[in-house]
Amino acid sequence: DTEVTQTPKHLVMGMTNKKSLKCEQHMGHRAMYWYKQKAKKPPELMFVYSYEKLSINESVPSRFSPECPNSSLLNLHLHALQPEDSALYLCASSQEHSREPYEQYFGPGTRLTVT
Amino acid sequence: TQLLEQSPQFLSIQEGENLTVYCNSSSVFSSLQWYRQEPGEGPVLLVTVVTGGEVKKLKRLTFQFGDARKDSSLHITAAQPGDTGLYLCPAGSARQLTFGSGTQLTVLP
Chain U
985 DTEVTQTPKH LVMGMTNKKS LKCEQHMGHR AMYWYKQKAK KPPELMFVYS YEKLSINESV
1045 PSRFSPECPN SSLLNLHLHA LQPEDSALYL CASSQEHSRE PYEQYFGPGT RLTVT
Chain A
257 TQLLEQSPQF LSIQEGENLT VYCNSSSVFS SLQWYRQEPG EGPVLLVTVV TGGEVKKLKR
317 LTFQFGDARK DSSLHITAAQ PGDTGLYLCP AGSARQLTFG SGTQLTVLP
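Chains U and A supply the protein sequences, listed in that same order. Okay, so the first sequence: first residue is 985 according to the numbering used here, each after it adds one. Okay, so the second sequence: first residue is 257 according to the numbering used here, each after it adds one.
Please keep in mind that the hints were generated in silico from the structure rather than gathered at the bench. Model, not experiment: these values are computed from the prediction. We put the beta carbon where it would ideally sit given N, CA and C, even for glycine. Misleading hints may appear alongside valid ones.
[Stated by the list, open to error] Heads up, incomplete: computed chain U residues facing chain A, CB under 10 Å, no partners named:
1. P992
2. Y1019
3. E1036
4. V1044
5. P1045
6. L1057
7. F1090
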């Protein structure tokens, strides 16, 4: 089973809303990632969790707040977003961070639209 | 910083044609993954190559890792519309995957 699930599939929110994106994997992976992808661009790394601890924050604005409740779950809490935050948000996991061969397994993404 | 280039950036071909896309780096890859991403979906891992000169086949797809581990190619035989997508070969490091621009492939029926 190499499946990473993400909910919701689509999300439309206003700039004053608070919402959360959820990601789950049951592969026993100890590293989980959030990426942001704009149309026709490659994914850009936002956060890395390793063994449930935040390992990398790529200078992401504080209106994005990640959380890793346990080794299988990863959340991304959204608050006071801007229209330019509209994008496809991808979750990924890997056996361990910093361990070759660096294979990451991606979820299907959440298409976020901020109005 | 590892510079990663994929070529061509865009490719549109007819069903049944063969094609090759390339991934080149300024540095040596320790390992390399190929992904395919369909519109509105996440990238799907196709293959990992780790040994210089390695060739791996996945049905009509043939992946080759350069002897010096600085480049890789993906050859598709008899392309089908289902092969349409964005092909990515990120550079892996202990910190992150760094994605190049990818190759957007369109196979026309």
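*Hints the structure violates: just list their numbers, smallest first.*
Violated hints: 1, 3, 4, 5 and 6; rest satisfied.
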